[in-house]
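Trainee: Take a look at the letters that make up each chain.
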Amino acid sequence: MLPELGHFALILALLLAGLQAFFGIAGPALARDRWSGAVTSAVAGQAVMVATAVACLIACFVSEDFSVAYVAENSNSALPLFYRVSALWGAHEGSLLLWILLLAAWTVAVALGSGRLPPRFAARVLGVLGVVSFGFLLFTLATSSPFVRLDPPAPDGRDLNPILQDPGLAIHPPILYTGYVGFAVAFAFACAAMLEGRLDQNWARWTRPWTTAAWSFLTCGIALGSFWAYYELGWGGFWFWDPVENASFMPWLMGTALIHSLAVTDKRGLFKSWTLLLAILAFSLSLLGTFLVRSGVLVSVHSFAADPTRGIFILVFLIIMIGGALALYAWRAPLLRSSAGFELGARESFLLFNNVLLVIAAATVFAGTLAPLISDSLKLGTLSVGPPYFNPTFMLSMLPLLALLSVGIHANWKRGRLNDSQRTLLYTFIAAAVLGCGFVFGLYSHARVLTPIGATLALWIILSSLVDPIDRWRRGLTLPRAVLGMTVAHFGVALAVFALTTVQSFTIERDVALAPGGTATVGDYEFRFEGVKPVEGPNYEAVAGTLTVTRHGAPVAVMIPQKRNFWVQHQVTSETAIRMHRGNNLLLALGEDLGAGRWSVRIQIRPLVSLVWIAAFIMAMGGALAASDRRYRAARALATAPEGATAGQPG
Amino acid sequence: MTKFLLPLGLFVLLAVVLAIGIRHSPEKGIIASPLLGKPAPVFALPNLTDPAHEVRSADLRGHWYLFNVWGTWCGGCREEHQALLQVRRAAVVPIIGLDWKDDDAQALGWLTQLGNPYQSVATDHSGREAIEWGVYGAPETFLVNPQGIVVYKHVGALTPDTWSREILPRVSGRRAGSS
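These protein sequences, in sequence, are chains Y and U. 5 is the number of the first residue of the first sequence in our numbering; add one for each residue after it. 2 is the number of the first residue of the second sequence in our numbering; add one for each residue after it.
Worth flagging that the hints you see were computed from the coordinates, not collected in a lab. Glycine residues also receive a C-beta, built at the ideal position from the N, C-alpha and C atoms. Some hints could be false.
Unchecked claim - Negatives, chain Y to chain U, calculated, CB over 10 angstroms:
no.: 1; residue: Glu8
no.: 2; residue: Asp69
no.: 3; residue: Thr397
no.: 4; residue: Leu430
no.: 5; residue: Ala558
What the hints assert, rightly or not - According to the in silico footprint, chain Y covers these stretches of chain U (three or more CB under 8 angstroms from chain Y):
no.: 6; stretch: 4 to 13
no.: 7; stretch: 67 to 75
Start from the sequences, fold in the hints, and give me the full structure.
Mentor: Below is the structure:
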């Protein structure tokens, strides 16, 4: 009964999404305000229906209803309750449902916050979101319904993919998707502005908090995914330039560019068509990411669902959505002229550089991700590009970006003179260079060329981004949340760069074979292997190795990496043991049984690796702070007032 | 004007590449088997329908056969069942079933109820044989040639399309993919 109810709710949601799209777009176009007014009801109805469908599927999982194919394929009676709920997004069908749920949630949030937007504009935004939602609901119902029954029911389930049985992965997809889907809001704002054929600074002010909020979620999601890959996959890396990782990273880069471009549109009324294009591209890359992961076009460690018919559906959907938006752009963007100009050294220039460099970075990642596909379709043979391509090309656009960041945050709007900031910049740079080189050569005697450069740039950003807040604080001025958020986010960027530089330069990795009682010395640490013993879990059996870690003879920790064999799927996963010690991240993974009690053990020492994730969370926090600035709420309240009333906002 | 058309133009180009990519992906096989081009595992397994006679790879030497991994708990297997029955009716190549981690009584019930497409069905209660074959999930189908070499593997439900495009050309001696 429940699956049928869920299925029916999804069908109703599809119809309501269609109404939402129709009323939202046709209402304002035909100047029928009663149609526009009906949009919010459709939004509410659709959200209730989607929530009902999700609740039904969760109930099926919790009650172990193995007559539902999706439940039978992704759950098992031995699976703990927590994972029975998170198994909802353990495979393709449920992930889509999660996508739809989150889109409904964002749409409701926009509808609630839209009370102060001009009614026709709000209707258009919700209408465009309705189109996106309609597409995804149709996709789910037509190709991937999670409510299909099995007859006769399966006696027991096939179990959740063991590598997904992990708390990190249970929370990672919802957060990542919230970010992904959130860019739909910026996209809808952009489409609505193009449909109106009018874009002013108010538009940028409405769009900014939504974009920043989505970006913060995406940042958290990517960091969680990277953290999960680090400790669960057991390969001891935190970023693999894997197609699925890139799929989330490209919208992030584009979203970062969008945030900065929106700032210019907001403050100076410039970059209008460019901002629109970025808003379209950020969401397009989210959609493309979904396509790449789901269609089986690219094979990756993460993609667990692959089906060409689905791929064709998504491709058609992509062509309609992205192609439609870009056609609208080609038609309407030429109407949007900005009259103001700026000098070369003005803040606008730096933000333009920022945009160009970020877009280049996204383009290089894009090219690398699609290279195998392109060479394959042109019959050039199978080609794969890995870190040797991504690392240097990515660095090529990131280094100038970081170097310009410190200067850019001190540049003035419109005018090209740095004046009194010049001295501050020079002093902070010298301090950063001394500290950076001191750190690199003092703490670690060896280094690569890029190590002192990375450390110096990172420290320079930290120091120079603190100058302005400290100055304001000393003069007793308040610090608006938007400025504080920006500072925090830039601080996070610098921290991430610093940590990445250190990790990349000073990681030690060794694979050793150890017999019980044997020891291996890696870096400053000694690892003594005590042997293995069997362990039993709720739905797996495992061997656990015990290693005693000492540093120059002083005890550090006892670490117990496991190798688990899951009963149902007969899949072996490696549970790494991770320990922090003096900023170093020690990671142990149990390899193969070499016979006679000997085991291969992978030992890795990564300095400051945890800082990479902490830095990402700091960036996300900065985004959250900026998005919650009162300025945006005030701007909404004044949105219906004439243009001149908002022009005097502090900034 | 042209500068505003540029993004659309680039996107159209990308869409074409993606469309070609999709057309290619089904042939590529999503999960390549390390077994392809290598000898199939040697087995001697309990027979589901005839306990007196084991199902043995030695008896299959010199003939083409399909090795189909299934279970009554598996949704995709039900989906492909009609296709398997068609293959049986075509009588070109026999299907050997591997009833993977299943209950014998239920499996027999399934075959009586839905029809039996298999020449014989081996049972694999522990899942050990499936590991030998590198099975990733059910259903999976392997095509083994008379020399005992695995020449093709299909992951997921078998369709009449896969049968006529991938399997039949290989068995009937024409080069695969020439269609």
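Trainee: Each hint: holds or not?
Mentor: Cross-check of the supplied hints:
| no. | hint | result |
| --- | --- | --- |
| 1 | Glu8 | 17 angstroms, holds |
| 2 | Asp69 | 14 angstroms, holds |
| 3 | Thr397 | 19 angstroms, holds |
| 4 | Leu430 | 39 angstroms, holds |
| 5 | Ala558 | 44 angstroms, holds |
| 6 | 4 to 13 | holds (count 6) |
| 7 | 67 to 75 | holds (count 3) |
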